[in-house]
Amino acid sequence: MSELPPKTSLRRWFVTTNHKDVGILYTITALFFLIMGGMLALLIRFQLWEPGAQFLSEIAYNEAVTTHGLVMVFWFLSPFGFGFANYFVPLQIGADDLAFPRLNALSYWMYALSGILLGISYFQGGTLSTGWTMYAPLNVPMYTPSLGSTGAILALAMFVIGITASTINFLTTIHHSRAEGMGLMDMPLFTWSILATVYMMLFAFAALLAVALILLSDRILGSIYFSATEGGALLWGHLFWFFGHPEVYIVFFPALGVMLELFQSFSGNRLVGRKWVIIAICLISIQSFLVWTHHMFLTTINLEVKTLMMATSIGISLPFDLVVFSLIYTLIKGRIKFTTPFLFAFGALLLFIVGGITGVFLGAIVLDYEFRGTYWVVAHFHYVMFGGATALFGGIYYWFPKMSGKMYDEFLGKVHFVIFFIGFNAVYFSMFLAWETPRRVFEYDPAFQPMHQFGTIGAVVLGLSFFIMFYNFAKSYVSGPDAPDNPWEYTRTAEWAVSSPPPLENWGGRPSYASGKLEFVSEALTPSDDHDGPAAATDGGHGEGHGDDHIESYPYWDKHASHASIWPFALSLATGIFFFGLSGVSSSIDITTADTLFGTGITVSNPVYPVFTALGLLGIIWTAVKWGLEDFYAPPMEIAERWPFEGVEKVKLGMWFFLASDVIVFGAFISAAVFIRVAAGWYTWEPLTDSLPGLINTFVLLTSSFTVILALVYARRKSRKGLIAYLSATILLGLTFLSIKMWEWHHEIYDVGVTLTQNSHGDPVQATIYYVTTGLHGLHVVIGLLIAGFLLVRAWNGAYQEDPRPVEYFGLYWHFVDIVWVILFPLFYLF
Amino acid sequence: MASDSIKLYALVYVALVGLATSKFVFFEFDQFFTYEQAFAGTMGAAALKGALIVGYYQHLKWENRSLTYLMAVALAFALLLMAAATYSIT
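Here the protein sequences line up with chains A and B, keeping their order.
Per UniProt numbering, residue 1 is the first one in the first sequence, and the count goes up by one each step.
Per UniProt numbering, residue 1 is the first one in the second sequence, and the count goes up by one each step.
Just chain A, same shape as in the assembly:
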């Protein structure tokens, strides 16, 4: 652990793990990507000034459309909202920091560096040109062969890895670190929106990770999932949109949370129907996973599924109606202050209503046949997603004083809003008027040209409006008046009860809502009311704090919280280097097959990418080990509300959230296997391999599960010998599993002739599915063995005698890998 340098030091921003610093990093980086995505949008609009490829070449236009979509959806919208979430969720719930500060910094660096990888992809022979939905089979190398296309997908995969870590972190924080007396229903509505968002992200982004991994397998290893005639293109549609529809709400909900906060703060009125709004948010989160095939109405899926999801799609508008009416009635019952933040929030509501109503058309099958593939869809989703983001701009004006300690210029803020709102509607409403224009292409009926030219002028106005915002913030930060702790008259949340900006450790005493309003308790475990917070209160929450993580149960209880570590940045950098290398490794290495493994020839035509891959991999292992050895202490809140996960220790809770996410990853792989087999005809396939090696491996893994649990038992009994013996046995069994697997693959490839793309028994895609799915499982075993090796060395040196929990966490992972094999064995060896 290193000390946290001052804010003026550049080094601070590379080592900080403090949630407020990371929040600022997210916000600034997201605004950078807003500029990048905005410039790409202007390129698109200039191309549409007149029909045809007048401004950009055909492929450059396709790349601009694709990158604009990817950047705005992934690298701007969500991270912008999560900049606020990082900064304000811990403050709003009374926590000191996020549950896992280093993991939080890792998430940020994965995000930032993945964006750089995406930028680099432009210089690798051109980036992806498929559109942001990356539809198959356009996404396979035959149609998008550039290294940059692979690089862009690797960038996306890296982004998803980072965001998964962030998701687990927020879930654990909100469920484990709420101040005494703050029940779930008492949480501020922004925090509620983030909680719903991260639950959706936990499951949705796992599906995106799975589909990205499968696509990368197709692009790097040469597998044939998405080029398979046995439903490959439809498979992409299902897997992508299972993620893609919740993603709409994942993007919108943080903005909705800002809207809910700002409507209360600037109407001076508590949200009307608050409880019902929370219920509606929960309903939408669940329903978001039940509507995805409305994006596939034009495909050949059957009418029953289309009709069912038409009904669920129309149904999801009902809870949204409730939220909208709640916001309207909150204003009607309040006294509105037309500040800049409120104007943006109110504007966001108006834009979202337009986006929502026009979206209902797309949820009806017959209407969708007409509108799909036109600018109606483009206009609709910009009104929803960018319209929602309008509230986030309200959020940055609202919280700028708290984050910077300075007040912004109100007049310039209002000018920004007016120009923004005019530009927004000029560019996007003109799309509704020219809706028959086909989307994704630059050829259109010249009759629509005046409308497109009007839209292009609107886009320029929209873009220019942001210069006012950047100027306003820069000038205010340098020479603006100091912001008071609470510059707004009527606020309800705890961030306004501390100084602007807040101190590093957030609070002077332990925050408590046990009396129904915010109090700071000065003695660690003895509540008192020696200092009242200015205005923050729960909405009536009373309760006892739960001491599941009593400070005495931690061996490092007398240590101070750490705020600095270089390893999140270092691990992310190593991952970025590894992924950059992977983007070109398949084109740099030529493998000539032979009758035996030893006869296989490897020719390296370009050493750059393989060297980057190897360096990156070594870097990942080295930095991960350094991370594991670092003396970094993130103290749990000893008194906190933890419902509904009382009694579950912090890291264990995080591990379970990770496993829930991994269930979806493997679920998507297994779904892909079942889907393609059904498309090919279930009974036409026989198992590719003999069942005996699979059965032996089943016994090996089951036995390793038994040895892991024995390792934990002996660790709890403080038996160093027992712990070492059973950890060693687990490693040996894991290695045995991999050895049998390698023998099996060798036998299949060299004796039977079944390779990744060749299958003498039948459909080649069957071989692809077998190798890739069992390969992913094998990769999990390898990662488990690396962790087990780390634990063994530490155990040898006497670790885990006082605190055996790391052995239990590893066991949770290892048993999960075992359970996955329980499903894979019959799927690939018996059925």
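Hints are computed from structural coordinates only; laboratory data are not their basis.
Using N, Cα and C, we set each Cβ at its ideal position, and we do this for glycine too.
Which residues of chain B face chain A? A few of them, derived with a C-beta cut under 8 Å, are:
{"#": "1", "residue": "20"}
{"#": "2", "residue": "63"}
{"#": "3", "residue": "77"}
Only pairs whose alpha carbons sit at most 27 Å apart, straight line, appear in this in silico DSS-like list of lysine-lysine:
{"#": "4", "chain 1": "A", "residue 1": "337", "chain 2": "A", "residue 2": "406"}
{"#": "5", "chain 1": "A", "residue 1": "718", "chain 2": "A", "residue 2": "626"}
{"#": "6", "chain 1": "A", "residue 1": "475", "chain 2": "A", "residue 2": "406"}
{"#": "7", "chain 1": "B", "residue 1": "61", "chain 2": "A", "residue 2": "652"}
{"#": "8", "chain 1": "A", "residue 1": "652", "chain 2": "B", "residue 2": "7"}
{"#": "9", "chain 1": "A", "residue 1": "721", "chain 2": "A", "residue 2": "626"}
{"#": "10", "chain 1": "B", "residue 1": "61", "chain 2": "A", "residue 2": "718"}
{"#": "11", "chain 1": "A", "residue 1": "517", "chain 2": "A", "residue 2": "333"}
{"#": "12", "chain 1": "A", "residue 1": "7", "chain 2": "A", "residue 2": "626"}
{"#": "13", "chain 1": "A", "residue 1": "337", "chain 2": "A", "residue 2": "414"}
{"#": "14", "chain 1": "A", "residue 1": "718", "chain 2": "B", "residue 2": "7"}
{"#": "15", "chain 1": "A", "residue 1": "333", "chain 2": "A", "residue 2": "275"}
{"#": "16", "chain 1": "A", "residue 1": "721", "chain 2": "B", "residue 2": "7"}
Got chain A sorted already, so can you dock chain B onto it with the hints?
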């Protein structure tokens, strides 16, 4: 609090080995079982094995019930994806 009984964990291990063997038997002795019976029996055995591992070795039996619900939701979403996607092409 999770159990520390080696005897209990050994009994679970024996049950897991037995169930794993049963899956093999279903398909190896196909003169006794139709494909559909073997399929159902195998999936049943797999579900039971999974439940034993997650319940006893991952200690879910002794943990806060909310963790069970969390994993059940994840499993339900995975099954939903599989069922709806596969049914859509039938």
